[in-house]
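The primary structure of each chain is shown beneath.
Protein chains: 6
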Amino acid sequence: MRVVISIGGSVLAPELDPCRVEGHAAVVESLAREGCELGVVVGGGGVAREYIGAARELGANEVQLDQIGIDVTRINARLLIAALGPGVDPKVAENYEAAGDSIRRGDISVMGGVMPGQTTDAVAAALAEYVSADLLVYATSANGVYDSDPKTNPDAVKFDEMTPSELVDIVAPMSRDAGSSAPVDLLATKLIERAGMRTIVLDGNDPDRVEAAVLHGDHDGTDVIP
Amino acid sequence: MRVVISIGGSVLAPELDPCRVEGHAAVVESLAREGCELGVVVGGGGVAREYIGAARELGANEVQLDQIGIDVTRINARLLIAALGPGVDPKVAENYEAAGDSIRRGDISVMGGVMPGQTTDAVAAALAEYVSADLLVYATSANGVYDSDPKTNPDAVKFDEMTPSELVDIVAPMSRDAGSSAPVDLLATKLIERAGMRTIVLDGNDPDRVEAAVLHGDHDGTDVIP
Amino acid sequence: MRVVISIGGSVLAPELDPCRVEGHAAVVESLAREGCELGVVVGGGGVAREYIGAARELGANEVQLDQIGIDVTRINARLLIAALGPGVDPKVAENYEAAGDSIRRGDISVMGGVMPGQTTDAVAAALAEYVSADLLVYATSANGVYDSDPKTNPDAVKFDEMTPSELVDIVAPMSRDAGSSAPVDLLATKLIERAGMRTIVLDGNDPDRVEAAVLHGDHDGTDVIP
Amino acid sequence: MRVVISIGGSVLAPELDPCRVEGHAAVVESLAREGCELGVVVGGGGVAREYIGAARELGANEVQLDQIGIDVTRINARLLIAALGPGVDPKVAENYEAAGDSIRRGDISVMGGVMPGQTTDAVAAALAEYVSADLLVYATSANGVYDSDPKTNPDAVKFDEMTPSELVDIVAPMSRDAGSSAPVDLLATKLIERAGMRTIVLDGNDPDRVEAAVLHGDHDGTDVIP
Amino acid sequence: MRVVISIGGSVLAPELDPCRVEGHAAVVESLAREGCELGVVVGGGGVAREYIGAARELGANEVQLDQIGIDVTRINARLLIAALGPGVDPKVAENYEAAGDSIRRGDISVMGGVMPGQTTDAVAAALAEYVSADLLVYATSANGVYDSDPKTNPDAVKFDEMTPSELVDIVAPMSRDAGSSAPVDLLATKLIERAGMRTIVLDGNDPDRVEAAVLHGDHDGTDVIP
Amino acid sequence: MRVVISIGGSVLAPELDPCRVEGHAAVVESLAREGCELGVVVGGGGVAREYIGAARELGANEVQLDQIGIDVTRINARLLIAALGPGVDPKVAENYEAAGDSIRRGDISVMGGVMPGQTTDAVAAALAEYVSADLLVYATSANGVYDSDPKTNPDAVKFDEMTPSELVDIVAPMSRDAGSSAPVDLLATKLIERAGMRTIVLDGNDPDRVEAAVLHGDHDGTDVIP
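Residue numbers (my numbering), protein chains in the order written: chain A, 38 to 263; chain B, 38 to 263; chain C, 38 to 263; chain D, 38 to 263; chain E, 38 to 263; chain F, 38 to 263.
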């Protein structure tokens, strides 16, 4: 089974904590041992937020801020690579072809952001498309897709299952605001829809949930089924 | 004045016609003579559509199709470069830094697509952000932004003026369908919104309209004013 | 057996036709199943000709025209890659080292043109040299090497067999004219000669002929035997 | 006058503080206004230290740690670029040729680390060599070169002036220990010696000292005079 | 006037001799002072021959030999760059776009070989095409184009003037043998012919002849006039 | 066992001699047959010295001289590659990631210098660190590490065994002079020390000594044991 896992920055590195990274690495290695072919896309987290804040004060434009964010995701990728054993490609993949190349040759490939204007959510979806993954998992700080923001609406209902089109429809209005409450970025959902990609959105704070979801389909998040 | 012009594939090269390309080149050169600093982003057009259709039949995935589309936009960029005089950078810019570099050094920079998952509409918005452009012009096959699709709704009303947020709100539901009727891609509108970028959407079939719009603010399209 | 196949643009894509590409892909895959290590070099065909014609009208110089031609060959390479199964390197090789790398690792490598001033015929010969191929096959629109142009001379005689030096001697005067009647480019023949490369020139319009020639030495074209 | 300034990580970004970066940018811009041609090399600082610590716990080897350090210096370079006005090359130079190129074309060039095994001190010295700088300034957390470590030896004497060879001789034994007390890295001093490069080592915590030193030769640090 | 000068390896560096290189640099600088825009392409010479001989004994194939030759030409380019003053781009151009870029920005650009299968003669012709040079000069060890090899035929007659087509016709049979007596490589002549490039072939052992030829049209070699 | 071998330029190519290169290649192949994973770093030798001398006369600065030296080491790497059989990566690795990549995939990787300011001794140490080698061997023109320069001091005593720290302490003062008598470059020793890398320094003029040392620990040089 070929799987792409997106580990959000807020899940991998809300602040720098080797134990957290180690935990995610352990799950990735365990999945590899079970025979999964794996691409992993990591986000920026706390350091990215701080650097972007500082750069914004210094007058950086939005593209420059994106570039700084991408740089931090790639350092986070190096951390995860350091924590993974010999089965990982020690190079951070900087585009889909490089990642696809590693995966084809049997390595775990780890990447961060790719280009200004795209979140790592979208990168994960595009990588899943590119390598024709069987499954795309978003390990996020939310524990699934809700019909409204559970932080502000106590009656928000979580979807156990939905189609990619329903995902786009739910995420589109949520993505409208600056402090977006969407569990997955809108561009990512549109890529999932066009590729008809099987996707799981789950709470990644406990990495073991990713393992259970991939190996046994066992999770509390949302299944997106084309 | 620093201007980024997006020339849609359907406007530059619905099919290969040197006269059309020549017409757009003439306007770009004229703007340069008037002192504009210029970045130009071109789309794919008919050849892209044909290649993508063939590749889809052959089993290419969506990212591979995007890559073919990007390749064609870059050949179209070469055509426009050939038609432009000595003030153009003869190299097709492959990312924002390369394009920004050319523009800073006084050249007209021409680019096509950049990465799978991003349209050339979004590339143009990101380039405009990156070079802190004063104006972004979409020369499209639509003659502005309507409140609904003018092809199917005879009562659709064109906006003369709107804010970036209104643009996002109008485009979001239009982008929902496969055969999208949106005059500008949704990701592009979100980049315009975050950068607060002054934007004009107009009918680019007659390139002279671009010139009038940039130099005199004179056009029949839609002004997006932050 | 290590084989480099040159599929001329007029054979692969006189115009864009997925069936033609599919046919060539089927033969390449069949050869791979038979144990051949394979490099494939594809030409430009009809789209290249159209783009080059347009660019010439727009004032492009010869090197710019070559670059456009190379770009189109690389898109054609993407088409062939899309049609090939999992044994192909999904990246278009842009130089001999990249192609050699793929082939060494057991992949089929597909490439187009490399540099202005070199045809894809010459690229195929250089790739064959670089990977020390056992056989180089030109799948062309001619059905072999004649002592004069069979289109204008009804008494032209086809060679069943010749040496590389004889090939150079035959091709040199034919390459003299603009609308060259040479079945293989002169530079290519000189590379074949210096490397002493076993080569077959045959009619590639029916891709099955390539398969028969490679596997059984069975063909109606010309054998170039060092 | 052509000047290369090395701004140590502990001086530019002991922790992320836009005001500090702004202060250094102001001095660089002021020097540029006075006609200096400028290359700036920045270090890693607090974030580098944290990332390297985390990566070390995760099992990264020394080269991987160096690479993480280099990545962070390059983000710091982006911060400084954001704070600088239009005279700076917006791209982070990744090698000496790129930096030299920017400087030759009249831009301020900013770079971080280059390769594992080299500190940014050494990068600054090599850049100064490469662009034949008239002056190399180390803005460090030390306020000059002492004959022993002033932190542990209250009788340590600061050199007002010394030759490059004397600098090497002083720094060599100091570089011996893990927690080196050397104000400038040993490899850097050897590059300074071989190039006979005029160098100033001063306390960079107050960036104005760099300005006074460059423009008026006025500083409390150490002059290294070949 | 835009000029591309090809300095053959046997002329620039039959063996390593700084004085020879200095002499050629002096002429290039003098031409630049007279207002010429300049691209210079250098060959391999004695060191290339030695390395290629050694590599051949060690079993290198023809493409590997070409690559070694290219590497040596690029070191020779570094030598010439070292000898040239501040008006030269200090980077060796590795392709036509890089060289064209330098020349457009007012620098002298120096390059060596580009790709296996192409001599530096052909590189010079392609560069001249790419930058739309007014004149291409071959500074060779021959003192012009003869109707037969003057080394073996005492009655060989030198052409004072000829067309590009005549040049191709003369060179083609000469290029037939391994130890070719052709003063310019056949592929180069074909590029000259297709571009209709004004070309001079002269004895470059005395670099002053290049200067007289470019500035005053004064030389003893052969004028190729389209 | 993973081994990195540094073959000094004075050992591989004091002047160009295919037999010498062949001898070293034979040992490398023999070690590979015995199951070693191998990275090889080669130096510049006589040709480098000549080119650097010529460039210095022509006014090249130290970084330019380093670049020429690096170029020559990479040609020497091509020679060694030509002499090695099919188990070698035919591409010269230009950085640690490329070399590590080849070694991970089971190839012998050959590289030369990497960056100005670093000797190939240091490159070998950094590569050994990067690939977590079990052993680093310096095949030099010295036959081990002495307590003083054996050329000038007849009473110099060779170390049979020493720690990395002792190696640094011995080499540091030796590296002080221009015509350094140190058997291994100082930066290299510091990298060896920080990585705690098992290292052997031996006379590489007879390549068989490298084989005996790696396979049987049998040599007359110096063992550096962390």
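Treat the hints as calculated values from the structure; they're not laboratory data. In this text, all values refer to a predicted model and were calculated from it rather than measured experimentally. Mixed in with the good hints there might be a few duds.
Remember, identical chains collapse to one label, so a pair may be satisfied in a single copy or spanning two.
[Unchecked claim] With a cut-off of at most 25 Å between alpha-carbon atoms, the simulated SDA-like pairs for lysine to any residue come out as follows: (1) Lys188 with Asp206; (2) Lys195 with Ala209; (3) Lys195 with Arg213; (4) Lys188 with Gly72; (5) Lys195 with Arg235; (6) Lys195 with Pro210; (7) Lys188 with Gly233; (8) Lys195 with Ser217; (9) Lys188 with His253; (10) Lys195 with Asp243; (11) Lys195 with Ala249; (12) Lys188 with Pro263; (13) Lys195 with Leu53; (14) Lys195 with Arg141; (15) Lys188 with Cys73.
Do the hints match the structure? See the list:
Taking CA atoms no more than 25 Å apart as the test, lysine 188 paired with aspartate 206 passes in both settings, with 19 Å inside one copy and 24 Å between copies. With identical chains, the CA atoms of lysine 195 and alanine 209 are at most 25 Å apart both within one copy (16 Å) and between copies (23 Å). Within a single copy, lysine 195 and arginine 213 get their C-alpha atoms as close as 20 Å, and across copies as close as 23 Å, so both meet the 25 Å cut-off. For a Cα distance limit of 25 Å, the shortest separation of lysine 188 from glycine 72 qualifies neither inside one copy, at 38 Å, nor across copies, at 52 Å.
In the homo-oligomer, the alpha carbons of lysine 195 and arginine 235 lie at most 25 Å apart inside one protomer (18 Å), although the nearest pairing across protomers, at 39 Å, exceeds that limit. Taking the closest pair of Cα atoms, lysine 195 and proline 210 come within 25 Å of each other both inside a single copy (16 Å) and across two copies (23 Å). Taking the shortest Cα distances, lysine 188 and glycine 233 never come within 25 Å of each other, neither inside one copy (29 Å) nor across copies (29 Å). Proximity of lysine 195 to serine 217 under the C-alpha cut-off of 25 Å is restricted to the intra-copy arrangement: shortest distance 17 Å within a copy versus 29 Å between copies.
Taking CA atoms no more than 25 Å apart as the test, lysine 188 paired with histidine 253 passes in neither setting, with 29 Å inside one copy and 49 Å between copies. In the homo-oligomer, the alpha carbons of lysine 195 and aspartate 243 lie at most 25 Å apart inside one protomer (19 Å), although the nearest pairing across protomers, at 50 Å, exceeds that limit. When the C-alpha separation of lysine 195 and alanine 249 is checked against a cutoff of 25 Å, the pair qualifies only within one copy, where the shortest distance is 19 Å, while the shortest distance between copies is 52 Å. Taking the shortest Cα distances, lysine 188 and proline 263 never come within 25 Å of each other, neither inside one copy (28 Å) nor across copies (30 Å).
In this assembly of identical chains, the alpha carbons of lysine 195 and leucine 53 never lie at most 25 Å apart, being 30 Å within a copy and 39 Å across copies at closest. In this assembly of identical chains, the alpha carbons of lysine 195 and arginine 141 never lie at most 25 Å apart, being 36 Å within a copy and 45 Å across copies at closest. In this assembly of identical chains, the alpha carbons of lysine 188 and cysteine 73 never lie at most 25 Å apart, being 35 Å within a copy and 48 Å across copies at closest.
Comparing the model with each numbered hint stated earlier shows that hints 4, 7, 9, 12, 13, 14 and 15 do not hold.
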